[in-house]
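Student: We have chain A already, so just place chain B on it with the hints.
Protein chains in written order, with the working numbering: chain A, 3 to 375; chain B, 3 to 375.
One thing to keep in mind: the hints can contain errors.
Lysine to any residue pairs mimicking SDA-like chemistry, simulated, CA-CA at most 20 Å apart [claimed, not checked]: (1) A:Lys163 x A:Thr195; (2) B:Lys17 x B:Leu345; (3) B:Lys196 x B:Ala156; (4) B:Lys324 x A:Arg118; (5) B:Lys292 x A:Leu121; (6) A:Lys292 x B:Leu75; (7) A:Lys324 x B:Val108; (8) B:Lys292 x A:Gly72; (9) A:Lys324 x B:Thr40; (10) A:Lys163 x A:Val207; (11) B:Lys225 x B:Arg363; (12) A:Lys324 x B:Glu74; (13) B:Lys324 x A:Gly153; (14) B:Lys324 x A:Ser119; (15) B:Lys163 x B:Ser119; (16) B:Lys53 x A:Ile328; (17) B:Lys204 x B:Lys225; (18) A:Lys196 x A:Gly153; (19) B:Lys17 x B:Phe361; (20) B:Lys324 x A:Ser124; (21) A:Lys324 x B:Leu75.
Pair by pair, the computed Cβ-Cβ distance ranges are [unchecked claim]: (22) B:Arg77 x A:Gly56: 57 to 63 Å; (23) A:Glu355 x B:Gly72: 44 to 50 Å; (24) B:Tyr229 x A:Leu125: 55 to 61 Å.
Sample of chain A residues facing chain B (criterion: CB under 8 Å; computed from the structure) [what the hints assert, rightly or not]: (25) Thr43; (26) Glu78; (27) Ser87; (28) Gly90; (29) Glu332.
No wet-lab data here; the hints were simulated from the structure.
Backbone N, C-alpha and C define an ideal beta-carbon position, used for all residues, glycine too.
There are 2 protein chains.
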Amino acid sequence: MGHCFTVLAVDRHSKARYGVLTTPHGSIETPVFMPVGTQGTVKAVAPDRLKALGVRIFLCNAYHLHLRPGEELIREAGGLHRFISWDGALLTDSGGFQVFSLAQLVRVDDEGVSFRSHLDGSLHRFTPEGAIRIQEALGADILMTLDECVGFPASLERERKAAERTIRWARRCREVFSGNGQLLFGIIQGGMTKDLRQFCAKKIVEIGFDGYAIGGLSVGEPKPLMYEMIDAVEPLLPQDKPRYLMGVGNPESIIEAVLRGVDMFDCVLPTRNARNACLFTSRGRVNIDKQEFARDFRPPDPECTCYTCQNFSRAYLRHLFKAGEILAAELATIHNLAFMVKLMADVRRALQEGYFSEFAREFLSLYRSKGVM
Amino acid sequence: MGHCFTVLAVDRHSKARYGVLTTPHGSIETPVFMPVGTQGTVKAVAPDRLKALGVRIFLCNAYHLHLRPGEELIREAGGLHRFISWDGALLTDSGGFQVFSLAQLVRVDDEGVSFRSHLDGSLHRFTPEGAIRIQEALGADILMTLDECVGFPASLERERKAAERTIRWARRCREVFSGNGQLLFGIIQGGMTKDLRQFCAKKIVEIGFDGYAIGGLSVGEPKPLMYEMIDAVEPLLPQDKPRYLMGVGNPESIIEAVLRGVDMFDCVLPTRNARNACLFTSRGRVNIDKQEFARDFRPPDPECTCYTCQNFSRAYLRHLFKAGEILAAELATIHNLAFMVKLMADVRRALQEGYFSEFAREFLSLYRSKGVM
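Just chain A, same shape as in the assembly (with noise of 0.2 Å):
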């Protein structure tokens, strides 16, 4: 594994860093959130967008990818970047929380698992080898092993066999990859249960990553509880290498895992709920198409510059939803990712400047007010 990560700045009380992860498709200053575009595209947003919005990395997923239209013909159109167009960055999941969660389950053994797809029930089959194979082929800049998810609760015997089983496939991920540029991270399971995790990432740490996710989080469980597992494995961590809370979106959680030292980030949460009509705001979560909103000609929120705001009033938005218009994603989506790239600027700025601890305490505070504006 090589040098791709370096720790810029580190605040003074708590475990936060700045740091820039360097990848094949250029620079990422950490800390990140990378939005989710699991088929392919980022839902509701063209990759010009992305772009303009400040976005220089976001995730594809390896199960929907393999699925549809598969790796072999995404390899043929020159691999994912260019068949998508997009030219920053890529990390692929590699499928491990799909098949636990959307795909029929078949069978998991220590080989590997078989599910049925969930697009048409036809049988498929992931082994860690195979999960490596499929990421190479689509040629993202930071790949993921297969991991075993539980869910939440799930018994001690559950969460213990599936760390076991996660820590022999991450095993056998690093023995197959190639490198070639690319960034392996390792995934810790372990379930909710602080031994466990502390069992597994010295394990994973062990076998050596670019980078290593905490996995099998926000599946459900009380936040503190997820804040206590990332306590647990923090200290384990490298230093010199970069930490992914996986599936973690909403911007309390991300400041909190922040101070607990993270470092990246995803979620379907800014894309999704903008899909639905909920727009993050600095003063809180807005459903804009509230009939409050009828006749509100401010923007939808107006310390925010992204072109939504800069252009469209609430009660517009709220006629696009109310009419079932498409350009009522767009224009959500292109709000709450310019709102997550902002927040991740402003993390960042506060840990070069030195006053993270202070911004943390501020932001959470205003946006746990939900005032309404």
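Tutor: Same frame as chain A, now just chain B:
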């Protein structure tokens, strides 16, 4: 009625003209195709993209906007341009066509038309005066008179009654229209009967409008019959006013109508087809979601310079449609509108440079060949 239109070039071999239409929101070169933005948005494309595509005018619908969100709300917002963030020109259809096609018709009498909303069944009434009042509240650049449409086929008696009522309604629209820089176009009806079309054209021209629309065509009749109706009324229309063929948007018919002296067009076809994966190309229409394009990594139309064709392959567009991604609608709509914009720019250049008849012949021959690209 003021002076808003100048013919700058006339074809030697046909009735085709090149002109400029001046509106409160900019000058528009004709012949022009106007995309349709029924509910205050050209479906799936944000206004900044429309502008970048070269669109200078599009159409909104008074019927739809009256029902939702209502013209008073839009007036409060500062008018339609401001509400939808479009600083180019806008034309509003009076709602006549929609009342007779979408709504549940309750009663038509000389005074006006009562109907139930297609949205919630609520009872509404449009009168000629009301249609102008609504459109003045919306604040479009070009307003249309309220007309009575008959479908195809219709009895001569039905066609005659509707034509006569359309004339009486046009007069009342003209009387209450306050001007204020806005333009008012009269609509010619008369079904598929030449004499009736000519009678109606004479009467509408007598009343005097800023432009003349030919309505009630492209409603299912054979194309030669449509062209016959255009040929019948064209000589009766003043040379120094724009002529607008309503609801026509397929490239072949546009060329045929330009040859017959028409300056303006609108249709949902390019945008609706796009959302159904049907792309306009220089070699005819292509259903981009077909299996044959699964591994076709060429641009949708190799001759096109639009964002879609410059950045994405047929294979990716097919993938987006198959995956049900919103981006499919946007990328396809961008392409079809770029195709229409370029078609009309080519038409105008051919008229300016004096080779339109050859251009029309070649275009129709190539377009009709529908060769596999």
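Student: Now tell me if each hint is right for this structure.
Tutor: Verification of the hints:
{"no.": "1", "hint": "A:Lys163 x A:Thr195", "result": "13 Å, holds"}
{"no.": "2", "hint": "B:Lys17 x B:Leu345", "result": "18 Å, holds"}
{"no.": "3", "hint": "B:Lys196 x B:Ala156", "result": "14 Å, holds"}
{"no.": "4", "hint": "B:Lys324 x A:Arg118", "result": "19 Å, holds"}
{"no.": "5", "hint": "B:Lys292 x A:Leu121", "result": "18 Å, holds"}
{"no.": "6", "hint": "A:Lys292 x B:Leu75", "result": "15 Å, holds"}
{"no.": "7", "hint": "A:Lys324 x B:Val108", "result": "26 Å, violated"}
{"no.": "8", "hint": "B:Lys292 x A:Gly72", "result": "16 Å, holds"}
{"no.": "9", "hint": "A:Lys324 x B:Thr40", "result": "14 Å, holds"}
{"no.": "10", "hint": "A:Lys163 x A:Val207", "result": "19 Å, holds"}
{"no.": "11", "hint": "B:Lys225 x B:Arg363", "result": "17 Å, holds"}
{"no.": "12", "hint": "A:Lys324 x B:Glu74", "result": "17 Å, holds"}
{"no.": "13", "hint": "B:Lys324 x A:Gly153", "result": "30 Å, violated"}
{"no.": "14", "hint": "B:Lys324 x A:Ser119", "result": "15 Å, holds"}
{"no.": "15", "hint": "B:Lys163 x B:Ser119", "result": "24 Å, violated"}
{"no.": "16", "hint": "B:Lys53 x A:Ile328", "result": "18 Å, holds"}
{"no.": "17", "hint": "B:Lys204 x B:Lys225", "result": "24 Å, violated"}
{"no.": "18", "hint": "A:Lys196 x A:Gly153", "result": "16 Å, holds"}
{"no.": "19", "hint": "B:Lys17 x B:Phe361", "result": "14 Å, holds"}
{"no.": "20", "hint": "B:Lys324 x A:Ser124", "result": "17 Å, holds"}
{"no.": "21", "hint": "A:Lys324 x B:Leu75", "result": "14 Å, holds"}
{"no.": "22", "hint": "B:Arg77 x A:Gly56: 57 to 63 Å", "result": "37 Å, violated"}
{"no.": "23", "hint": "A:Glu355 x B:Gly72: 44 to 50 Å", "result": "49 Å, holds"}
{"no.": "24", "hint": "B:Tyr229 x A:Leu125: 55 to 61 Å", "result": "57 Å, holds"}
{"no.": "25", "hint": "Thr43", "result": "5 Å, holds"}
{"no.": "26", "hint": "Glu78", "result": "6 Å, holds"}
{"no.": "27", "hint": "Ser87", "result": "4 Å, holds"}
{"no.": "28", "hint": "Gly90", "result": "14 Å, violated"}
{"no.": "29", "hint": "Glu332", "result": "6 Å, holds"}
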